[in-house]
Amino acid sequence: GENVEQHPSTLSVQEGDSAVIKCTYSDSASNYFPWYKQELGKRPQLIIDIRSNVGEKKDQRIAVTLNKTAKHFSLHITETQPEDSAVYFCAASIPHGGTSYGKLTFGQGTILTVHP
Amino acid sequence: EPEVTQTPSHQVTQMGQEVILRCVPISNHLYFYWYRQILGQKVEFLVSFYNNEISEKSEIFDDQFSVERPDGSNFTLKIRSTKLEDSAMYFCASNQVRRTSGRGSTLYSDYEQYFGPGTRLTVT
Numbered sequence: 001g002e003n004v005e006q007h008p009s010t011l012s013v014q015e016g017d018s019a020v021i022k023c024t025y026s027d028s029a030s031n032y033f034p035w036y037k038q039e040l041g042k043r044p045q046l047i048i049d050i051r052s053n054v055g056e057k058k059d060q061r062i063a064v065t066l067n068k069t070a071k072h073f074s075l076h077i078t079e080t081q082p083e084d085s086a087v088y089f090c091a092a093s094i095p096h097g098g099t100s101y102g103k104l105t106f107g108q109g110t111i112l113t114v115h116p
Numbered sequence: 001e002p003e004v005t006q007t008p009s010h011q012v013t014q015m016g017q018e019v020i021l022r023c024v025p026i027s028n029h030l031y032f033y034w035y036r037q038i039l040g041q042k043v044e045f046l047v048s049f050y051n052n053e054i055s056e057k058s059e060i061f062d063d064q065f066s067v068e069r070p071d072g073s074n075f076t077l078k079i080r081s082t083k084l085e086d087s088a089m090y091f092c093a094s095n096q097v098r099r100t101s102g103r104g105s106t107l108y109s110d111y112e113q114y115f116g117p118g119t120r121l122t123v124t
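Heads up: the sequence lines are chains P and G, in that order.
Heads up: the first sequence at position 12 corresponds to 12 in our numbering, and the numbers run straight through without jumps.
Heads up: the second sequence at position 110 corresponds to 110 in our numbering, and the numbers run straight through without jumps.
FYI, nobody ran anything at the bench for these hints, they're computed from the structure.
Predicted model, so just to flag it, every value in this text is computed and none were measured.
Any given hint could be a false lead.
Unchecked claim - Straight-line distance between alpha carbons at most 20 Å, and here's what the computed EDC-like set of lysine to aspartate or glutamate pairs gives:
(1) K37/P <-> E112/G
(2) K42/P <-> E18/G
(3) K42/P <-> E112/G
(4) K42/P <-> E79/P
(5) K58/P <-> E1/G
(6) K57/G <-> E79/P
(7) K57/G <-> D86/G
(8) K42/P <-> E56/G
(9) K37/P <-> E79/P
(10) K57/P <-> E15/P
(11) K42/G <-> E2/P
(12) K57/G <-> D59/P
(13) K57/P <-> E112/G
(14) K42/G <-> E79/P
Claimed, not checked - Computed from the model, here is a short list of chain G residues facing chain P with C-beta under 8 Å:
(15) L39
(16) K42
(17) E56
(18) F65
(19) E68
(20) P70
(21) G72
(22) N95
(23) G118
Said to hold, decoys possible - Over 12 Å on every C-beta distance to chain P, these chain G residues come out as not near it, computed from the model:
(24) Q6
(25) V12
(26) S55
(27) S58
(28) S66
(29) I79
(30) E85
(31) S87
(32) Q113
Heads up, the beta-carbon is just placed ideally off N, CA and C, and yes, glycines get one too.
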């Protein structure tokens, strides 16, 4: 089955700096790669996602890049703010049964701390 | 904006007891999932459900677990005989994939899985 590795496990930056979190996946059939932000005791919330037919996607301060050949994808947050502090999870999904949906396999998570 | 809801928010039970966790997916969604997250660890897939049957399940989802969609709105996860290691946060999620048919229509897929707020299960 799919395996997703995420690094680093913790990341500490100063407000205004950039943060980069990297993930690798094992199954080349994966075609959907979301990133979730989870605050303490809350549900995971999607912040950005990318499909395998796209190499890069940006939404304001957040961007995701995908390298299908190397099977890795990264989250980039620019101009970080203290409210960006949370746990970030990457995930990968393999289409199931001829449909375009499938279970999410998550990475281990990155605890991001943005210091004011 | 529609949201996935879950009840209860916190369930405490004794080892060996049965628990039922309830979820109300977003009303026009077609695919439903249960995930769990042990404290401090990653989110793990348990089971997916479509068209009134299980689509995929993980090795965690053994005979002690079952899912049901008893009516048009609820989606439940039952653990028949809870163990200490079942203590975790259980998240329900749903998404929708629309397929088209006929001429001139456009394929639309919503990959995003919308998560509920979770049920914290504590087994003592």
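Checked hints:
no., hint, in the structure
1, K37/P <-> E112/G, "holds (14 Å)"
2, K42/P <-> E18/G, "violated (25 Å)"
3, K42/P <-> E112/G, "holds (18 Å)"
4, K42/P <-> E79/P, "violated (24 Å)"
5, K58/P <-> E1/G, "violated (23 Å)"
6, K57/G <-> E79/P, "violated (40 Å)"
7, K57/G <-> D86/G, "holds (16 Å)"
8, K42/P <-> E56/G, "violated (26 Å)"
9, K37/P <-> E79/P, "holds (17 Å)"
10, K57/P <-> E15/P, "violated (23 Å)"
11, K42/G <-> E2/P, "holds (15 Å)"
12, K57/G <-> D59/P, "violated (33 Å)"
13, K57/P <-> E112/G, "holds (15 Å)"
14, K42/G <-> E79/P, "violated (27 Å)"
15, L39, "violated (10 Å)"
16, K42, "holds (5 Å)"
17, E56, "holds (6 Å)"
18, F65, "violated (15 Å)"
19, E68, "violated (19 Å)"
20, P70, "violated (23 Å)"
21, G72, "violated (20 Å)"
22, N95, "holds (6 Å)"
23, G118, "holds (6 Å)"
24, Q6, "violated (9 Å)"
25, V12, "holds (16 Å)"
26, S55, "violated (6 Å)"
27, S58, "violated (8 Å)"
28, S66, "holds (18 Å)"
29, I79, "holds (19 Å)"
30, E85, "holds (19 Å)"
31, S87, "holds (15 Å)"
32, Q113, "violated (6 Å)"
Of the numbered hints stated above, those contradicted by the structure are hints 2, 4, 5, 6, 8, 10, 12, 14, 15, 18, 19, 20, 21, 24, 26, 27 and 32, listed in ascending order.
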